[in-house]
Amino acid sequence: MRYKPWHALRSPRAVSGLAGVLLLVFMMVFAPHLWADAASAANVAERLQRPSGSHPLGTDQLGRDLLARVLVATRLSLLLTLGSTAIAVCGGVVLGMVATVVPRVLRRGLTALLEILMSFPWLLLTLFFTVIWGASAKGALLAVGFAGIPTVARLTYTMSSSVAGRDFVRAARIVGVGPLGILGRHVLPNIRPVLVVNAAAVASVTLLSFTGLSFLGLGVQAPDYDWGRLLAEGVGKIYVNPVAALGPGVAVLVTALILNTLGALASEAAGRTPRIAGKAAPRLRAARIPASADEPVVEVEDLRVSFPDGSGGLVERVAGVSFTIRPGETVGIVGASGSGKSVTAMAIAGLLGPAAHVRATTLRFQDIDMSGEPDAAARRKLGLGLSVVFQDPLTSLNPVLTIGRQLTEVSEVHGDLGRRDARRRAQWALSLVGIPLPARRARQYPHQLSGGMRQRVMIGMGLMGTPALLIADEPTTALDVTVQQNVLRVLHQARERTGSAILFISHDIALVSGFCDRVLVMKDGLIVEELDARQLDRARHPYTRALIACVPHMTTDRTRPLPVIADFDGSEDAEEIHA
Amino acid sequence: MSHTLEYDGLSVRYGRGGSAHQAVDDVSLVVRPGTVHGLVGESGSGKSTLAAATVGLVRATSGAIRLDGTEVTRGTAGRRARRRIQLIFQDPHSALDPRMSIGTSIAEAMRASGRRRSRVERRQRVRELLELVDIEPDRYREPPAGFSGGQRQRITIARALAAEPDVIIADEITSALDVSVQGVVLNLLRELQSELNLTMLLISHNLAVVRYVCHTVTVLRHGRVVETGDTERTLSDPQDPYTKALLDAVPVLGERPDWGSVA
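In order, the protein sequence lines correspond to chains D and V.
Residue 143 in this note's numbering sits at position 143 of the first sequence; the count goes up by one each step and never skips.
Residue 73 in this note's numbering sits at position 73 of the second sequence; the count goes up by one each step and never skips.
So that you can see chain D by itself, here it is in the shape it has in the complex (with noise of 0.2 Å):
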């Protein structure tokens, strides 16, 4: 799945780009030797001429064709952008990058005048600076440049400090790399690309404020002329002759252009973006079943998810799975990362979003087919039949909204219950889950709670409705060991009070034959055996033997490496990689 820069070279958008650079370029090298006659004649006879077959953009007061100026000014105005730019980006990493390995006090200092001077318009900090080092070119360059640094520098600062925490850098701290190192080597690499998607960004930005300056007569002085220049003089003599600042504008805005298409291709290139290509693969609608009290809650029959894989190319994570679940069961998904058993559980509650491309011959959760896009009927029935609990609930929870607000919503949007009854339920719930004191805790926000504690609410929003089915998504995962256990019981305890099935996903099998009925073993897309949760040590297939085996205990042979599923069947490679 590697990256091949060509592709994305042949899109329209780079084939536009790049042509538009190259002709940048041929108008900054060779348009001053070509015009710069044109450009400088004076021929009073035919001075402020409207737009004619020599004189395209007709001509200024002294007679000189407008149209030349415009292309030799290229080279003066892009110069004048590209050297400001290289200021702000310059100035800017450096300044971020530095307040990020400084002592603390110097960094809170440092990051204090980069916002008091983010604060100030960027139009009155250029400004101030062409004060300083007056009206001239090269004032107006160093006051571009120096007033972009701000805003480089911040960005860097943020980036290179997220950078600066991850574990690598610490790493490298660690055997004695210094400050100076850890930059070059690690935080710049990783914030490049970010950084120049900006640079392009930048720039155009800076295009534009050189010609308001040159516009005001702050920029660049006779006898030299830029695009803004130009655009002073043709403004002023617009109903004479409005091609004269159009023409300039033109230039600009398409200038602008070339340099924001840079920037996107840079961030595609950098983004990786993937490109679907194709339709979606057609969805088979299985016919509508009437439901009855025995009716399996959930039937799944050949389903087969698929993802893009990045080049263009579809690659199958789930590749014809069937089951069902009885009402009350309690059902376990087991299997390494990439197993596709997560993908399987969220395709039936429909959450796997637009990328994925699913198909079934059957997806039912009740009486509703999960292969399509579910109407407002069944979206409510879905609301209050149908939870989910993920792995992380630090995630899964709105940080801004008090528990108790999060609870009553699910029936509030879906169950039509007042906010009273609303709330009267929500504290039940809270109490179902074993929180104490959940009137207190309703009026909570998610950081307030520990882990245990966040988790047992997901539960608890679950129970809001009256779910038929639970999905737990390795709902313990992110959990202490005692906490693991609490969770459980209560997730057990639900299950017996409200006879909701669950189906819980998990990549421990010891802890999914603990908790279910049966257990689904999955392996690349596909469920390799299916066994009774009790019945495990009869197991068949090589990877749940596998699986079994390899897992220590509190009994395991210490003398004796550990059974490595490799032992069992072909090798490491099959489990998944992250790219």
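Careful, some of the hints might be misleading.
Here's a subset of chain V near chain D, in silico, CB distances under 8 Å, partners left out [what the hints assert, rightly or not]:
#1 R111
#2 L132
#3 V209
Here's a subset of chain V near chain D, in silico, CB distances under 10 Å, partners left out [said to hold, decoys possible]:
#4 E42
#5 G56
#6 R82
#7 E108
#8 A109
#9 M110
#10 G149
#11 T156
#12 D178
#13 L186
#14 N206
#15 L207
#16 V213
#17 S236
#18 D248
Since the hints were made in silico from the structure, they are not lab data.
For glycine and all other residues, C-beta sits at the position ideal for the given N, C-alpha and C.
Put chain V on the given structure of chain D with help from the hints.
Then chain V, alone, in the frame of chain D:
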């Protein structure tokens, strides 16, 4: 080549005044030369703070950490001694620089050994280390993105070994890995430990892992030592109720915990 790592009344406090949090509270323990000492505890028990303090990422409030008698938290001698302690991180996906080839990452760690090597020698050593952790040596030029989680964790082990450390601290090195891959890393760790006679501090919340790898164990809770001793004896006959509770919470294959019934 065996070394002793010793903690003497170590305390680490985060913050000041009313919001201060005592992460490590008067912890004393000894990692004997050539053995693996396990540090068990739940989140917030201070085990990772202890590791961070040892390698100088966090400052100790009081107490001492000594490597072969040299105080590692203070002075130039301390800084030099600290280089001889290497840390292996929990998350193999953030422990390697995504923009650096794995060979360069490993070579970078060699500078901690204080040995001067030529380019050729460095490359030779990188290949040896990769071979040691069962990674195809010819892949040294590749970035970490092409390796799986288990492979990356083995590469971080190679990087730690490249520094030629006297002591290795392994902080939850298998908890971010699939159970199916965990065994490979644990086997490798045990093999390397006995082959190279490494002194190691293994931090984990997984009692089965600690029991399998460690000779001695310390149980931490809220920054304090709850129980310490020989692994086999401590885990088969725990004296402290907290250790017992931890042991009871370990899921056992095919065994349904008693959840009680609901009225």
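Exercise. Okay, which hints does this one fail, numbers in order?
Worked result: 2
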